[in-house]
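Peer 1: Mind docking chains B, C, D, E, F, G, H, I and J on chain A? Use the hints.
Residue-level listing of the chains:
There are 10 protein chains.
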Amino acid sequence: MPDTSLLETFPTPTDSPLLIEHVNEEFTSVCPVTGHPDFGTVTVRFEPGASCVELKSLKLYFQSFRNEGIYYEAVTDRIRDDLAGCMEPRWIQVVTNWRGRGGIRSRIVATHGEVPSAWSRG
Amino acid sequence: MPDTSLLETFPTPTDSPLLIEHVNEEFTSVCPVTGHPDFGTVTVRFEPGASCVELKSLKLYFQSFRNEGIYYEAVTDRIRDDLAGCMEPRWIQVVTNWRGRGGIRSRIVATHGEVPSAWSRG
Amino acid sequence: MPDTSLLETFPTPTDSPLLIEHVNEEFTSVCPVTGHPDFGTVTVRFEPGASCVELKSLKLYFQSFRNEGIYYEAVTDRIRDDLAGCMEPRWIQVVTNWRGRGGIRSRIVATHGEVPSAWSRG
Amino acid sequence: MPDTSLLETFPTPTDSPLLIEHVNEEFTSVCPVTGHPDFGTVTVRFEPGASCVELKSLKLYFQSFRNEGIYYEAVTDRIRDDLAGCMEPRWIQVVTNWRGRGGIRSRIVATHGEVPSAWSRG
Amino acid sequence: MPDTSLLETFPTPTDSPLLIEHVNEEFTSVCPVTGHPDFGTVTVRFEPGASCVELKSLKLYFQSFRNEGIYYEAVTDRIRDDLAGCMEPRWIQVVTNWRGRGGIRSRIVATHGEVPSAWSRG
Amino acid sequence: MPDTSLLETFPTPTDSPLLIEHVNEEFTSVCPVTGHPDFGTVTVRFEPGASCVELKSLKLYFQSFRNEGIYYEAVTDRIRDDLAGCMEPRWIQVVTNWRGRGGIRSRIVATHGEVPSAWSRG
Amino acid sequence: MPDTSLLETFPTPTDSPLLIEHVNEEFTSVCPVTGHPDFGTVTVRFEPGASCVELKSLKLYFQSFRNEGIYYEAVTDRIRDDLAGCMEPRWIQVVTNWRGRGGIRSRIVATHGEVPSAWSRG
Amino acid sequence: MPDTSLLETFPTPTDSPLLIEHVNEEFTSVCPVTGHPDFGTVTVRFEPGASCVELKSLKLYFQSFRNEGIYYEAVTDRIRDDLAGCMEPRWIQVVTNWRGRGGIRSRIVATHGEVPSAWSRG
Amino acid sequence: MPDTSLLETFPTPTDSPLLIEHVNEEFTSVCPVTGHPDFGTVTVRFEPGASCVELKSLKLYFQSFRNEGIYYEAVTDRIRDDLAGCMEPRWIQVVTNWRGRGGIRSRIVATHGEVPSAWSRG
Amino acid sequence: MPDTSLLETFPTPTDSPLLIEHVNEEFTSVCPVTGHPDFGTVTVRFEPGASCVELKSLKLYFQSFRNEGIYYEAVTDRIRDDLAGCMEPRWIQVVTNWRGRGGIRSRIVATHGEVPSAWSRG
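Chains as they are written, first to last, in the numbering used here: chain A, 1 to 122; chain B, 1001 to 1122; chain C, 2001 to 2122; chain D, 3001 to 3122; chain E, 4001 to 4122; chain F, 5001 to 5122; chain G, 6001 to 6122; chain H, 7001 to 7122; chain I, 8001 to 8122; chain J, 9001 to 9122.
The following block holds chain A by itself, in its conformation from the complex (with noise of 0.2 Å):
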């Protein structure tokens, strides 16, 4: 299940502004209503506190999602609420893109602070 205590984190190395993106192409969880396995991509971006989120604790948090049963909305909600918890960033946002069920893919998108004024010409 879940696993928030996998994450780690390290001492931002700079004062200077600094945007941050992960992306995760392999992740998986569980449909809780018929059991079958959920396939999508996991994006994070952030603007970093005084603590930047350990790549590899990452992996393995997103890995321990594995066999849990969960909507996608909460996924996406979940791993904002996590990484917004251990990292206390000036900005985050979690979007998750699904393969689909039924022929409809899906995206979410969640968000906590300000969008810094730098992200969107990066």
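Note that these hints are calculated values from the structure, not bench results.
Yeah, the Cβ is synthetic: ideal placement off N, Cα and C, and Gly gets one too.
Treat the hints with care, as some may be off.
[Claimed, not checked] Heads up, incomplete: computed chain H residues facing chain J, CB under 8 Å, no partners named:
hint: 1; residue: Thr7014
hint: 2; residue: Val7023
hint: 3; residue: Cys7052
hint: 4; residue: Leu7058
hint: 5; residue: Lys7059
hint: 6; residue: Arg7066
hint: 7; residue: Glu7068
[What the hints assert, rightly or not] With the Cβ distance kept under 10 Å, some of the chain E side facing chain A (calculated, not the full set):
hint: 8; residue: Arg4080
hint: 9; residue: Asp4081
hint: 10; residue: Gly4103
Peer 2: Relative to chain A, chains B, C, D, E, F, G, H, I and J alone:
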């Protein structure tokens, strides 16, 4: 014929900002003038209020247009109204992209409510 | 020669915000200087007022340029004026993309009215 | 060597808003240091004043750089100045994209005048 | 190890607005934890002040990271600081895109100064 | 239901070698088990004998599968047989590509007669 | 664990030549050494004998590898053997494409029986 | 109307094996039934005998189909015959790809002579 | 320097026909003349004999070329010989694709043994 | 003018089968009729005999065509002859792809010697 009663909703799982997009690449209806089938992609984007449309019910609702004689503009307008009616979202946008007739491809956009600021950065 | 009388309209089916785009990838006219054919794509985007252009009539109108000797700029300008005249839209934008002559590709944009705020998010 | 006298113009055919883009994917000049040829794409975008550059003359003007030893930045700056000089446009932007030397691709943007509001929606 | 002394500059050839982008698709450094090589693309965008970085010196500077053990964030931060230091640009943005480790691709953006208004339309 | 009587032919216009391919990207039928619609692309390739299938009649024939409950394999087999029956081609190949159900895309190939040697070089 | 008993078949609906391909882009198993998940695409191509594998049973069979620790080569070999065993096809080919570990992508091909001459032209 | 007299040739410059391909992406003729324009790409491949078709004359010959009412199959057959007649090539292949009518795209291949062994490896 | 002792093998898990391809898109070595880094993709395809190369050992072996001054042709030839030596495959093919120097991209193919008939259909 | 004396060779480093491909995407010469520049890609593939062409000398040789008035066919034929003359390869193939004049793209293939069996599987 298009059947609004097929649409079901579930309570939005969070109060935090959430934006949702569902894309159906397998939409078909019938041209009311020629009787030939039309094929298109329907994209629904919304910021939920208290409820979200359930995915399987959305698929069945889309399938109910299969043998309906209806113009591009009316398809788009009706889906916007039906979904706005059952979900009462803060914002909804329906975009239809049609494969075209007579060498002309078409795209119709219908909206309801104010675009949330977070969307365009999603 | 370009024939505005071919254009027909139908009443806009809703008062709710609606944006419409028609793309014709099979446009051809003739270079007035060399007599060689020009090939391009014509994109028409508009927010309708009380009426919308009918698709088949639009196709026949586009075909009426087939043997007309006319510059890129004049094609774009004329389509904008002809469609603005017959539909009286709140906003219209005509974009022509030309395959090019002498190794140079060209693109012309003609507009009329204010861009609706919903468009750029569509 | 670059020859401004090759550039010819014709009167802008309308007072209505018009934006024009010409893309030449076959631009070549010579590196002034090594003597090796440089290859790039030159994009010219402008809102015309009273006159527009004629396409064939533009092509011959571009070809006149073929054996000129000149830096990326100077090519871009010179085309902007030459075209601004002969057309007196309300706005002009020249973008050069270079295939690269030593594993590094480069892109230079030179502008003159205010970006018209209609452009970014084109 | 990263060697700032490799960087050379030349005087900016014009006072007119100029924006410059260099993209190096062949960047490699070493992960300081595992010792495995990292591969990425480095994009540098800037509005020059009185001087511009010379291309060949930039290439050699990038190559000096080849056997350095250094984190993604620190690579990006250091290139921004080194280039801002030697050029004193009005604005500089450094974007690194990394091929990824453990199924996660990353992208880091570091900036210095105000984004020039002309850039986002380039 | 699939209606072979819709198919019309015209005499092949030459005795010289001719190979013909028609691709319909807008094919839809219904899954006989679930009742959900299936969407696919149908490709017909043939070396004509004395007659060729007429294009508009082929389109109407394809449309006659719209509300038929029929398996992928049977669609492919039936189109091959129906077209072989009405045209008596020297060779015919029918390929169906299906958008998929349950995360699995399928492709079925049915043939009749010997592949002409010229085809594989076409 | 991989469960062959999930596989079901149905009688091949025709004696005419038929070739079938099923592509599953959502395959996942587990690396037996590291315990990390592997992600890949499995393509199954066959010329049926008297029976064909049923699609939904194939999907469930693929899902039964989800938490199995198994090498790339063994996955490919086992699927070939299991499907050859239950269908007794004239020819079968199983191709697995893996997203990769440590910067190396892999592809494994396992076959059984003679390639039908019609396939390579399909 | 199609005008064979426009075609000119020049002597093949070598006795060594030479294979030539010309692709015209701007071909248009008229449907003889509906009067609507058809748009397609014409590819001509040949191994020359003593003479080769001159490029500018080939372009004018293609343009002479612009207002001709003629079927896809007849266009392809006629180009093959006209070019075979004026060049007497060892081998020629004409492939036409049509943008389609009524949702169906078509492709016609006409050949004359034996495919040279070097071609399929080109 | 390239270190063959890094290569490890494991027993081929089946006697049935198996073809294997590993693609490393992150290969780098050094030009022996200029000292500048070279970047390329290495593809290894083989039909195993009694043993297969282990993936992690292959990755470390590729990394051992990182600071070696060596020509394109010699890299390709050496990898073929080293892998053929440690695995004794029935067939092996090594393809290197290089990003290029001085505007020229290169590709080298080295083989050992007979191409298995199943491969070209894979 | 094209200068064969620029070409240098080095001894082939192995007796094992080796196939080599060099692709120059920055080739330019001049049309002998109109004086306008031609742009194309030149691909050279060969199985070496005792010697291989040196890359930098090949680049300078290609650059020597820059201001030569010469037909597509003659460029291709001459490169084949010049390289065959200096290398004496077992097989050589030269393919030129031209961006086109008058809307027609062209591709010329010149060969010398027998295609090695290993090539087509590369």
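Peer 1: Let me know if the C-beta of H:Glu7068 comes in closer than 8 Å to any C-beta of chain J, holds or violated.
Peer 2: violated (18 Å)
Peer 1: Taking the least C-beta to C-beta distance, is H:Arg7066 closer than 8 Å to chain J?
Peer 2: violated (13 Å)
Peer 1: Can the hint on H:Leu7058 be confirmed by a CB-to-CB distance to chain J that is less than 8 Å?
Peer 2: holds (7 Å)
Peer 1: How about H:Thr7014: closest beta carbon in chain J under 8 Å, or not?
Peer 2: Cβ of H:Thr7014 sits 5 Å from chain J, so the hint holds.
Peer 1: Return the status of the interface hint for H:Cys7052: holds when the least beta-carbon distance to chain J is below 8 Å, violated otherwise.
Peer 2: For H:Cys7052, the interface hint holds, since the closest Cβ of chain J sits about 7 Å away, which is under 8 Å.
Peer 1: Is the interface hint for E:Asp4081 satisfied, with its Cβ closer than 10 Å to some Cβ of chain A?
Peer 2: Hint on E:Asp4081: holds, closest Cβ of chain A at ~8 Å, below 10 Å.
Peer 1: Do the numbers back the hint for H:Lys7059, that is, is its least Cβ distance to chain J under 8 Å?
Peer 2: holds (4 Å)
Peer 1: Should the hint that H:Val7023 touches chain J count as held when the rule is a Cβ pair under 8 Å?
Peer 2: holds (5 Å)
Peer 1: Report holds or violated for the interface hint on E:Arg4080, using the least CB-CB distance to chain A and a cut-off of 10 Å.
Peer 2: holds (7 Å)
Peer 1: Hint validation: E:Gly4103 versus chain A, beta carbon distance must be below 10 Å. Holds or violated?
Peer 2: At about 4 Å, which falls below the 10 Å cut-off, the nearest Cβ of chain A leaves the hint on E:Gly4103 intact, so it holds.
The structure fails hints 6 and 7 (numbered hints given earlier, in ascending order).
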